[in-house]
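Listed here are the chains, written in short residue letters.
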Amino acid sequence: MNYIASIGSYAIMVKEVFKKPTKWGIMKSLILKEIDELIYGSLGILIFISFFIGGVVAIQTALNITSEIIPKYLVGFATRQSIILEFAPTFCSIIMAGKVGSYITSSIGTMRVTEQIDALEVMGVNALNYLVFPKIIAMLFYPFIIAIAMYVGIFGGWVAGVFGGFSTSADFVEGLQLDFNTFHVTYSFIKTLVFAFILATIPSFHGFYMKGGALEVGKAATTSFVWTSVVIIILNYILTQLLLG
Amino acid sequence: MIEVDNIHKSFGDAHVLKGITTRFDKGKTNLIIGQSGSGKTVFIKCLLGLFTPEEGTISYDGKIYSELSGSEQRNLRQEMGMVFQGSALFDSMTVEGNVRFPLEMFTKQSVSEMQDRVDFVLKRVNLIDAHHKYPSEISGGMQKRVAIARAIVMNPKYLFCDEPNSGLDPKTAILIDNLIQEITQEYNITTVINSHDMNSVMEIGEQIIFLKNGIKEWEGTNKEIFKTDNKAVTNFVYSSELFKKVRQMYIEERN
Numbered sequence: 020m021n022y023i024a025s026i027g028s029y030a031i032m033v034k035e036v037f038k039k040p041t042k043w044g045i046m047k048s049l050i051l052k053e054i055d056e057l058i059y060g061s062l063g064i065l066i067f068i069s070f071f072i073g074g075v076v077a078i079q080t081a082l083n084i085t086s087e088i089i090p091k092y093l094v095g096f097a098t099r100q101s102i103i104l105e106f107a108p109t110f111c112s113i114i115m116a117g118k119v120g121s122y123i124t125s126s127i128g129t130m131r132v133t134e135q136i137d138a139l140e141v142m143g144v145n146a147l148n149y150l151v152f153p154k155i156i157a158m159l160f161y162p163f164i165i166a167i168a169m170y171v172g173i174f175g176g177w178v179a180g181v182f183g184g185f186s187t188s189a190d191f192v193e194g195l196q197l198d199f200n201t202f203h204v205t206y207s208f209i210k211t212l213v214f215a216f217i218l219a220t221i222p223s224f225h226g227f228y229m230k231g232g233a234l235e236v237g238k239a240a241t242t243s244f245v246w247t248s249v250v251i252i253i254l255n256y257i258l259t260q261l262l263l264g
Numbered sequence: 052m053i054e055v056d057n058i059h060k061s062f063g064d065a066h067v068l069k070g071i072t073t074r075f076d077k078g079k080t081n082l083i084i085g086q087s088g089s090g091k092t093v094f095i096k097c098l099l100g101l102f103t104p105e106e107g108t109i110s111y112d113g114k115i116y117s118e119l120s121g122s123e124q125r126n127l128r129q130e131m132g133m134v135f136q137g138s139a140l141f142d143s144m145t146v147e148g149n150v151r152f153p154l155e156m157f158t159k160q161s162v163s164e165m166q167d168r169v170d171f172v173l174k175r176v177n178l179i180d181a182h183h184k185y186p187s188e189i190s191g192g193m194q195k196r197v198a199i200a201r202a203i204v205m206n207p208k209y210l211f212c213d214e215p216n217s218g219l220d221p222k223t224a225i226l227i228d229n230l231i232q233e234i235t236q237e238y239n240i241t242t243v244i245n246s247h248d249m250n251s252v253m254e255i256g257e258q259i260i261f262l263k264n265g266i267k268e269w270e271g272t273n274k275e276i277f278k279t280d281n282k283a284v285t286n287f288v289y290s291s292e293l294f295k296k297v298r299q300m301y302i303e304e305r306n
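Protein chains in written order, with the numbering used here: chain A, 20 to 264; chain B, 52 to 306.
Chain A on its own, in the form it takes in the complex (with noise of 0.2 Å):
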């Protein structure tokens, strides 16, 4: 009963987000400061752990293939399919929703505590546009950091892939030219929004609606986690289902 109380509540929120838009003038500075704090911040790590990754899975692949029948070339192709179709942007989304999800959840949630949103309701500010709304825009340049992560990914493969000595670079690249289908890129970005909005949301769903003290911050910080994880793995199901299946 509480989960569906839930539902509604969230439900509630996202359309008080596009309500009363705060004035374009100081709008516009806290897009800026959450595209720098939510994107730009985040790319290194997305990069670190995607070049990693990336070599991870070429080596993997590589040393799964015993079979003299199966062409080296393999390398490359599950590399690219795997970034592109699943590492990028789901397993990135999970690693943001604990980045700047908890971010999201705390900074809200401290807000919260601190009374700084009653604080915004009674100047007559609607809270949840001036907080929520500009993570939202700025989240829709989450697609271009997972576009690097694409490219990073693939880079990592291929540096693990020919420097350690599982593949060439001539097949390795023949792998990632093989039967190279656009629509899986697109694909990919349709889930990267989607999931953009959810780790935008859900967090400060769970920050903005908290109750109690510092403990309880953590403590929503937490549950963001898990139930923004939770969305987008379900979202992630559906969204296959329906664009691949």
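Keep in mind that the hints were calculated from the coordinates and are not lab data.
In this text, all values refer to a predicted model and were calculated from it rather than measured experimentally.
One thing to keep in mind: the hints can contain errors.
To be verified - Coverage of chain A stretches by chain B, computed from C-beta distances (three or more under 8 Å per stretch; other residues unrestricted): (1) 39-49; (2) 142-149; (3) 161-167.
Unchecked claim - Below, simulated DSS-like cross-link-like pairs (lysine-lysine); rule was C-alpha separation at most 30 Å, straight line: (4) A:Lys39 x B:Lys208; (5) B:Lys77 x B:Lys274; (6) A:Lys230 x B:Lys296; (7) A:Lys47 x B:Lys263; (8) A:Lys230 x B:Lys96; (9) B:Lys267 x A:Lys230; (10) A:Lys34 x B:Lys159; (11) B:Lys96 x B:Lys77.
Unchecked claim - Away from chain A, derived, C-beta distances all over 12 Å, residues of chain B: (12) Met52; (13) Leu101; (14) Lys222.
A virtual CB, placed ideally from N, CA and C, is assigned to each residue, including glycine.
Mind docking chain B on chain A? Use the hints.
Relative to the frame of chain A, chain B by itself:
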């Protein structure tokens, strides 16, 4: 003037406010006092429109809050200033940014007009050199002053303060009390202060209501509170040894 008529507020099974009726006059410092858990904070949040009472009405200079449209309620809120217990300053903004915030949100003033207004109210609350400091870099007393400056920057008709003295030393607490009273009289504001600080009651309690278990138990002034025979009030007011002695001296003097 704020008129409260028979308001009730519950949270689940807990009936917190049980039919409070009172009036807060313009140009006076109106105090709500009572023990922790008596419903003071819920009452002030109802006055602010943050909680909606299940029964009863609250009217602001004749305008009944619950009968106003959403936009009218928001406009009315812009006429309210609030000083929160923990100051509730925006951490990411400087002192100046905090005070300028309502002006940026709701007025079309030029940058220089806003700056003049910010400088004026910060000077009014005796904060001169803290413009570019962040809330974490200033003392609790200074934070309270910034919160007062932010609350009055839009020239509010109604000023609400939730335990403005909590966490302050007695000297700073008196300074904050006096500042609130001066501002109330200077700008002819309807000020409602939520407090359990007896110094505030004695210093600035022009009109006091005493809450007990969500009921208005007593109403009067800081002069009348000395003379009352209401047991709940005397138990609350004279709970400290100091005030017991003050009352004893008062009775001896009267006899």
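Evaluated hints:
{"no.": "1", "hint": "39-49", "verdict": "holds (count 5)"}
{"no.": "2", "hint": "142-149", "verdict": "holds (count 3)"}
{"no.": "3", "hint": "161-167", "verdict": "violated (count 0)"}
{"no.": "4", "hint": "A:Lys39 x B:Lys208", "verdict": "holds (24 Å)"}
{"no.": "5", "hint": "B:Lys77 x B:Lys274", "verdict": "holds (19 Å)"}
{"no.": "6", "hint": "A:Lys230 x B:Lys296", "verdict": "violated (42 Å)"}
{"no.": "7", "hint": "A:Lys47 x B:Lys263", "verdict": "violated (48 Å)"}
{"no.": "8", "hint": "A:Lys230 x B:Lys96", "verdict": "holds (16 Å)"}
{"no.": "9", "hint": "B:Lys267 x A:Lys230", "verdict": "holds (28 Å)"}
{"no.": "10", "hint": "A:Lys34 x B:Lys159", "verdict": "holds (28 Å)"}
{"no.": "11", "hint": "B:Lys96 x B:Lys77", "verdict": "holds (19 Å)"}
{"no.": "12", "hint": "Met52", "verdict": "holds (19 Å)"}
{"no.": "13", "hint": "Leu101", "verdict": "violated (6 Å)"}
{"no.": "14", "hint": "Lys222", "verdict": "holds (25 Å)"}
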